[in-house]
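Number of protein chains: 2
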Amino acid sequence: MIIRIAVAYSMGEDGLKQNSHQETIVSAQFCRDPSDPSASLVERLSLMPSASGPLDGLSFTVKDNIDIAGHRTSYGSPAWRDSHPAPNQNALCVDQLLAAGARCNGKVVADEFTYSLDGENPFFGTPVNAKAPDRIPGGSSSGSAASVASGVAEFSIGTDSGGSIRVPASLCGVWGMRPSVHRISEAGVLPFMPSVSTVGVLADRLDHLDKAIRVLLRSGKRPTASLQRILVLSDAMEISDEAVRIEANGALAQISRRTGIEPEPISFGQIIGRDMPLSACNEKALRILQTLEFQNTVGNWIETNAPQMGPAFSMAYENVRGSDRIAALASLDLCERFFEGIQSFITPGTVICFPTTPVIAPLKGTLNTAESALDFYDRTMAMTAFSGVGRLPELSVPILTVDGCPVGFSIAAGHYQDEFLLNAAQEVLG
Amino acid sequence: MIIRIAVAYSMGEDGLKQNSHQETIVSAQFCRDPSDPSASLVERLSLMPSASGPLDGLSFTVKDNIDIAGHRTSYGSPAWRDSHPAPNQNALCVDQLLAAGARCNGKVVADEFTYSLDGENPFFGTPVNAKAPDRIPGGSSSGSAASVASGVAEFSIGTDSGGSIRVPASLCGVWGMRPSVHRISEAGVLPFMPSVSTVGVLADRLDHLDKAIRVLLRSGKRPTASLQRILVLSDAMEISDEAVRIEANGALAQISRRTGIEPEPISFGQIIGRDMPLSACNEKALRILQTLEFQNTVGNWIETNAPQMGPAFSMAYENVRGSDRIAALASLDLCERFFEGIQSFITPGTVICFPTTPVIAPLKGTLNTAESALDFYDRTMAMTAFSGVGRLPELSVPILTVDGCPVGFSIAAGHYQDEFLLNAAQEVLG
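Chains D and A, in that order, give the protein sequences. Quick note: to get this note's numbering, add 97 to the position in the first sequence (first position is 1). Quick note: to get this note's numbering, add 97 to the position in the second sequence (first position is 1).
Bound conformation, chain D alone:
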């Protein structure tokens, strides 16, 4: 039995609201495999490939909001798991990977209802951040990142709406890519935020990520633009800790030498042609759309079933419940305007770079004051929401190190330019 102090971060439209809360959780070790060094597995499995293909010899894990036939999907919530029967089909993305030659090694921990970026699940535990064991792994694809970092599998499939692939990839020092919205089928993935959610891949190496995500994207031999322009999202650099910024500038200098292309700083305001800070992507737009959609998907179920919820999620959900839908609708329009601005600016041939997260992983237990949680969430989501509103593919590259801890360096490209991004990453990173 553990006592836990939680700080809720609101998704409301007036910026983050703050509450703290103390509650007793019956067990923090709901379903742990003792042989898993990353403590990421909810269930160890060995699903053999259904055919041979480009993923022969590789294995993967599956975030626990993605269906595996015959095994209950928990959504990071024991209450959800216990009230929903096991699916009789794999998610389509799981079948795609098995049919391309990969083996599935298990289901891995997700944050409660995948509604968090920290990776501390009070029921299923906190997967170990192998490269910084005293620090959080990040979430909500916490088990995906941890399982890949510790060698449970070469890659993992996760989901990303507000940063849930990119943040744990950044904080655990693995590769992570969320593709353009809706490029990968979500059949068999629990509905979360239908306009925003994406299925993507985390991996130990770029070639593994590249092979796996091209199977899911059904990339074929799609021709792509050649790399012509490298932008640097200046607001994201400014929001980042100085040490992260210095490291990112070092990476940009290397990329410039390698490609012969001089990176050009650009602000969010310049991209959309309006005087708005990068944080508007999150605070004025995406976070509010996400709250509205979450009310429809998970919210309806919670209202009817009153499930047991962890303290952090309980308070976050109080703010979801209290959101005024009609007042919030303006955020939908703003999301669309931001998308238009980003789409017309980031044309094929252009990539835009920035640190994936503004910080290294916070120490475990340090997000339990309102101030620290706000700082982590507000700054991180200001950066992750950019690709969210832009519906962009974004690749987090594990090449930065601050105080011995990993931070990701992100390369994003235009909407539907996923294959160009993968090709450009090879070129930029050598």
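What the hints contain is simulated information worked out from the structure, not anything from laboratory work. Hints are supplied without guarantee of correctness; some may be wrong.
[As the list claims (entries may be wrong)] Examples of chain A residues toward chain D, derived with CB under 10 Å: (1) A197; (2) L386; (3) F391; (4) T394; (5) N397; (6) E433; (7) Q440.
[Said to hold, decoys possible] Cβ-Cβ distance ranges computed for the label pairs, FRET-style: (8) D:D179 to A:G501: 54 to 60 Å; (9) A:E359 to D:I358: 42 to 48 Å; (10) A:P320 to D:G446: 17 to 23 Å; (11) A:E361 to D:N346: 50 to 56 Å; (12) D:G167 to A:A467: 32 to 38 Å; (13) D:D472 to A:G527: 57 to 63 Å; (14) D:G317 to A:Q405: 39 to 45 Å.
For each residue, glycine too, the CB sits at the ideal point set by N, CA and C.
Starting from the structure of chain D, add chain A where the hints point.
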């Protein structure tokens, strides 16, 4: 009590399979409002606008797979309705319309699990096709089309994966548009085929459709290309009944005179640069993807709950259940290749025209032989699957008449060119 002969049309990969089946249905009048001339209402409502806006003075109906707070959503299935509690939030699209000044007049009939194109629901009844009362209304947005045609509301929101807005719009003689995939939020819409499903609008007049769908699309003042090129999908003309083709050619001649642009015939094979007939969009690609995704969404629930099902849906579902997922995965790749080919060919400034359906509405009761059902489904879906694989916006225009019955004339545009299509429609139609 009625006796019904049903013919199942398979969504399997080897083309349509045929079975016929006879079953007793307890009641064909599950929930009918006797004051509704179109027999389309599942529940009459009067939800007042939450704010004033561009839809002031207009009213709408809602297909019964889209949530209205406090009212159970049936999905066209009494078994589904009775086992799912009422949602506590409206679907986001309903809230958008109410906040733009529109009033909601009720929930309308959908085909069982929205998995049909004929509009004959054995539990909720067959909405009346006001312009051809002895004929089917088409489905699955049968109640949406019927309610608009009979004046229950000026417009209706429906959903379309394989033609479920366009077919009833065509057969009932109303306007209907499915937008580009995922342009409108699906939060609060029952998950059906996540890669394919779209929310869209049916309406009595173009100006009503235009206003309503721009609210949902959050179109703003998005600039669009000007109309430069009018293509005619020649395979769709050939598949159509001769009388429909003659009418469509008449419409094209008028459009040519009005715009000064000469329509250019083009085949599906020319568009994608491969020797393939238009029917491949459905038979080799979209239908199979749809079957796989339906297994994940509705199929999982059916397997666990063994609900009462109507005879036609029962047999269609037998074919869904029997589909081999691994063998079918090649269809996912083909969908992506077709999308690429269509996307690079139908550039901004281009529209492509064809009859929405190859036929007028079949007489009620005539789809009860395998031959007639196959003919209707195979030919219709060959044409509707084109915008499906292309993820295109398509507008069905009620300007053709054959034997006194309506048929739609479709104008489609490139992926995400929804606002261009709306502008072009005004120009083309005068």
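Tested hints:
1. Taking 10 Å as the C-beta contact cut-off toward chain D, the hint placing A197 of chain A at the interface holds, the least distance being around 9 Å.
2. This hint holds: L386 of chain A has a C-beta 8 Å from the nearest C-beta of chain D, less than the 10 Å allowed.
3. Restraint check, F391 of chain A versus chain D: the minimum CB separation of about 8 Å is within 10 Å; hint holds.
4. Residue-level restraint check for T394 of chain A holds (minimum Cβ-Cβ distance to chain D is 7 Å; threshold 10 Å).
5. About 5 Å separates the beta-carbon of N397 of chain A from the nearest beta-carbon of chain D, less than 10 Å, and the hint is met.
6. For E433 of chain A, the shortest C-beta to C-beta distance to chain D is roughly 4 Å, which falls under 10 Å, so the interface hint holds.
7. For Q440 of chain A, the interface hint holds, since its Cβ comes within 10 Å of a Cβ in chain D; the closest pair sits about 8 Å apart.
8. Take D179 of chain D and G501 of chain A: their Cβ atoms lie about 59 Å apart, and the range 54 to 60 Å holds.
9. For the hinted restraint 42 to 48 Å between E359 of chain A and I358 of chain D, the CB-CB distance of approximately 44 Å keeps it satisfied.
10. For P320 of chain A paired with G446 of chain D, a C-beta distance near 22 Å keeps the hint of 17 to 23 Å intact.
11. Checked against the given bound of 50 to 56 Å, the beta carbons of E361 of chain A and N346 of chain D, roughly 53 Å apart, stay inside it.
12. Look at G167 of chain D against A467 of chain A: about 36 Å separates their beta carbons, and that is inside 32 to 38 Å.
13. Against the hinted window of 57 to 63 Å, the Cβ-Cβ separation of D472 of chain D and G527 of chain A comes to about 59 Å, which satisfies the hint.
14. Judged by the Cβ atoms, the range 39 to 45 Å given for G317 of chain D and Q405 of chain A holds: they are separated by roughly 43 Å.
Every hint from the earlier list agrees with this structure, and none is contradicted.
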